[in-house]
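**Q** Listed below are the residues making up each chain.
2 protein chains.
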Amino acid sequence: MMNDISDFKAVCEAAKRSSVKLAALPDDLRTGILLEIAAELDRAADAVLSANREDCRAAEADLKSGEMTQALYNRLKLTPEKAGGLSVYAKSVSALSGSLNTVDYACKLDDGLVLERIRCPLGLIAAIYESRPEVTVQVSCLALKSGNAVILKGGREALHSNRVLFGIIRDVLAGHKLADCVVLAENREQIRQILTMKGTVDMIIPRGSNTFVQYIRDHSAIPVLGHADGICHIYLDEGADPVKAVRIITDAKLSYPAACNAVETLLCHPASEQTTTAELLDREGIAYHPAHDNTWRTEYSGPGLSVKQVSSIDEAIRHINTYGSGHTDAIITENDLHAAQFIREVDAASVFHNASTRFADGYVFGLGAEVGISTEKIHARGPVGIEGLLTTKYVLRGAGHARSDYTDNPERAKDGQKNYTHQPLRR
Amino acid sequence: MMNDISDFKAVCEAAKRSSVKLAALPDDLRTGILLEIAAELDRAADAVLSANREDCRAAEADLKSGEMTQALYNRLKLTPEKAGGLSVYAKSVSALSGSLNTVDYACKLDDGLVLERIRCPLGLIAAIYESRPEVTVQVSCLALKSGNAVILKGGREALHSNRVLFGIIRDVLAGHKLADCVVLAENREQIRQILTMKGTVDMIIPRGSNTFVQYIRDHSAIPVLGHADGICHIYLDEGADPVKAVRIITDAKLSYPAACNAVETLLCHPASEQTTTAELLDREGIAYHPAHDNTWRTEYSGPGLSVKQVSSIDEAIRHINTYGSGHTDAIITENDLHAAQFIREVDAASVFHNASTRFADGYVFGLGAEVGISTEKIHARGPVGIEGLLTTKYVLRGAGHARSDYTDNPERAKDGQKNYTHQPLRR
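In the order they appear, the protein sequences are chains A and B.
The opening residue of the first sequence carries number 300 in my numbering; numbering runs sequentially from there.
The opening residue of the second sequence carries number 300 in my numbering; numbering runs sequentially from there.
Hints are computed from structural coordinates only; laboratory data are not their basis.
It is possible that some hints are incorrect.
One copy or any two copies: either way a pair holds, since identical chains are not told apart in the list.
[Stated by the list, open to error] In silico lysine to aspartate or glutamate, EDC-like type, Cα no more than 16 angstroms apart, as pairs: (1) Lys497 <-> Asp517; (2) Lys407 <-> Asp660; (3) Lys717 <-> Asp409.
The following block holds chain A by itself, in its conformation from the complex (with noise of 0.2 angstroms):
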C-alpha cells in the first residue's frame, strides 16, 4: 500500500494530527462509532472468512515445511463462529465507561485560581503484534474508545485478514471525517520507521515472543507496554486444601499451556502433602521437571513444569522474586496470614490468593478487553485497558494571578504575600 518512507511517516503524523479530532468529540459519539463497526463486522463476516482462508492456505504451506508453528497456525485460523464473534469485542468496549475527560483531581488554590487534572488521551498508539485477526478489532475499539489514533501492524501472515478489518474499521471511521485516525502498516521498514517517531507515536505495544518484544525496548526511546516473560509460579504452602491444589495447578498448566498466564514453577512445601499432589498430577499428564538453576526461568509452553522444594513461605518468595518475570504468582494456602504475606511481599503485577494465573486477563478482571499485560511496574501493570491508554493534563484557570503574590512556605511569607487556600474539590 504504502512503499515510501516518507509517506509513511507523514501518515503517522495525520494520524496524531486526527487524534485530536477524535478526542474531542463527545463520549456518546465515539461509543456510536464503535457500535456502527461491530454492525459492519457482522455484516461483512464473509468477507473476513474468505480473507482469512486465504491467509491459512499460505499459512498451510509453511506449516508443512516447518516455517509456521501449529500454534501460530491456530492463531491465525478464523472459525466462522469466531469471525461471527469479532463485532463482540466492538460491542463489549463501547459499553466501557469512559474515563476519557473526566476530572481526578481538583484543588481551588486561592479565589478564582481553579486546578483540575483531567484524563487524554496518549495521542498515537502503535500495536506490533502477529497472528491473531482478532487482536486488530480489539486493539482499534480500545484506541478509539480512549480517543488515541493507532498503528496497526499485524504479522505477513495474516495480511489479508488485516486489510479486510482495517478497511471496515477505516470506512467507518471515514463517514465521521476520521479515516486518518488509524494506519495499517505491512512491512518490518514501517516497524523500524515506527522505532525512531519519538514525539509522535507515544506508545508501542508489541506483542509477541520474549525476543521479540526486547528488541522493541532496546531499539525505541518510545515507552514500550508489554511484557517479555511470562515465568509463573504457584507456592503450595503447608496444610494446602489438596483438592483446591490439583484444580488449581491442573487449570494453570494445562487449560492453556502457552499463554503467558500459565505456570512455570511449582514451589512445594514439605509439609504441603505434595506427595498426594504429584500422583494427582502425573494422573492429569502434567510432565515433572526436577529443575535447578538453568530452569527457573523457562517457559515450557507446553505440559510441563518446574518444581522445587522450598522450606518456608520466605524462600518460595524470595524464589519468586528472584527468578519470576512479575506477571502472574499465585499461592495455595489455608492459612490466611501466610495468604497477606505472599500478596504483600510477591512483588508482580498480579498475586493470586487459591486461585488459577489463567485468570489473569483483561476480559476476565473486568476491563472489557486488554490491549496487551504490563509487567512493568510503572504507568500500567497487569492487564491494561483503557486507562492504559490514558495521560493526565494539568489545567489550571486564573484571572492575572501571579505566583509571586504567594508565598511557597505558610510559616515564612513575606510582606503581602498570599497562602494558597489549597481547597479540594469534588469532582
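With the hints as your guide, set chain B onto chain A.
**A** Relative to the frame of chain A, chain B by itself:
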C-alpha cells in the same frame, strides 16, 4: 563511605528488601517516622548549618575560579531561616493522606472470587540531583511516606550538608530497624552502577541540566521520571486583557528566570495589543529576542524571551506542539472558546488559562511536595508527588477456582461453562 563496588550493590539490594518491611507498616507509623525526622531536623539545625558552611567555603573558591555559577551557589547555601524550615517539608509530607495500600478498583468475578487492585510502592527509587540540600529531605520524605526505599545522590558540592541530613534521617529509621531503607551515594562510579541495576532500582529521578537528564535516559533501562527541557510558552490571544498580560508575563519570566517553569517564548496575535504589551515589558526590563527557527528551543535562564507573531490560535498551538517541551504552556485570552481549544489541543503536562506558567509546582498544586516534574506522558505527568511513587497490584482471592470453568465469550459458552458476574464492588 563505601568504596567497594560490590558493597554498594549489596547495600542497594538490602534497601530493596527493607522497603518491603517499610511498606508493611501501618500508615500512621510511617507518618510518625516523618514527624520524628521533622523534630530531629529542628534539633540539629545548627549542625546542618555548620556542615553547609563547610560546603559553601569550598564552593566560594569554585565560584571565584569560575568553576561554579552563582545560581548553583545560591541553591547550595542554607540561610539559618532556610535550615530552620527544613522540617516543614517533613511535616507537610507527613500530613498527606496516604494512598498506599488503598484499593482503586474492585470487582466480584463470581461467588467467592473477588478481585482488588491495590496501590503499592515501586520498591527502590534513586534520586540524582545537585546543589540544593533540601531535596535530600523532600525526596526522602516522599519516598518513605509512600513505602519506598531510596538512594540519594546529591552533588559533590553539597556533600557535607547531605551527610548530616542523611545521618538524621537514617538514625530515625534505625530506631525502627529500618536504617537499610536509605542509601547515600557519593560518587560517579555509584551513579554508573545505579544505571545498571534494573530489577533492583525501580525508578531513577534525575534533576539537573538537560544534558545530564538525557544522559541518564540514554544509559539505563530503568524507567526515568523527569524532564530534560522546560520550554514554556505564553500565547497572547486577540482581545487579551493587557493588564493581565503584563502581570502574567512579568511573573512568568522574572519571578525566577532560571526555573524550568519560566516562560521562554511569547506568541502574539497581531490584534493582541502587543505594542502596548511590548512597551510595558520594556519597562519591566524583559529583553525581546525577535526569534527565528534556531531559537524556538532556547531556555534563556535570564530575563529574555523569544517573541513570535502568529496569525491565529491554530498557528500558536501548532508552534507549541512542535517546539515545546510538554512542560507548561499558557494562553492569555478573554475568549472562552479559544481557552477551551488551547486547553484541549496543547499537548503538555500543564496547560493554563490567564495564569502564570510559574504555578506549575507540586507544592502549589496541593501535592505536598514534589520529587520532580515529569514531561513524559506515561506513569506520571507534571509535578510528581506520592502518587508517582506508587504502582498497583491485582489481588485475586478464590477458593480453588479454575479458569476453564468460565467462558470468555458470553455469547459462546460451552456446556457447563459459567459467565463471570463482573459486579463492581464499592471501595
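**Q** Evaluate lysine 497 and aspartate 517 at a C-alpha cut-off of 16 angstroms and name the case that applies: within, between, both or neither.
**A** Both, since 14 angstroms and 14 angstroms are each at most 16 angstroms.
**Q** Can you give me the call for lysine 407 and aspartate 660, within, between, both or neither, at a CA distance of at most 16 angstroms?
**A** between (39 angstroms within a copy, 14 angstroms between copies)
**Q** For lysine 717 vs aspartate 409, is the C-alpha pair at or below 16 angstroms within one copy, between two copies, both, or neither?
**A** Close inside one copy (9 angstroms), not across copies (54 angstroms); limit 16 angstroms.
When held up to the earlier numbered hints, the structure conflicts with none and fits them all.
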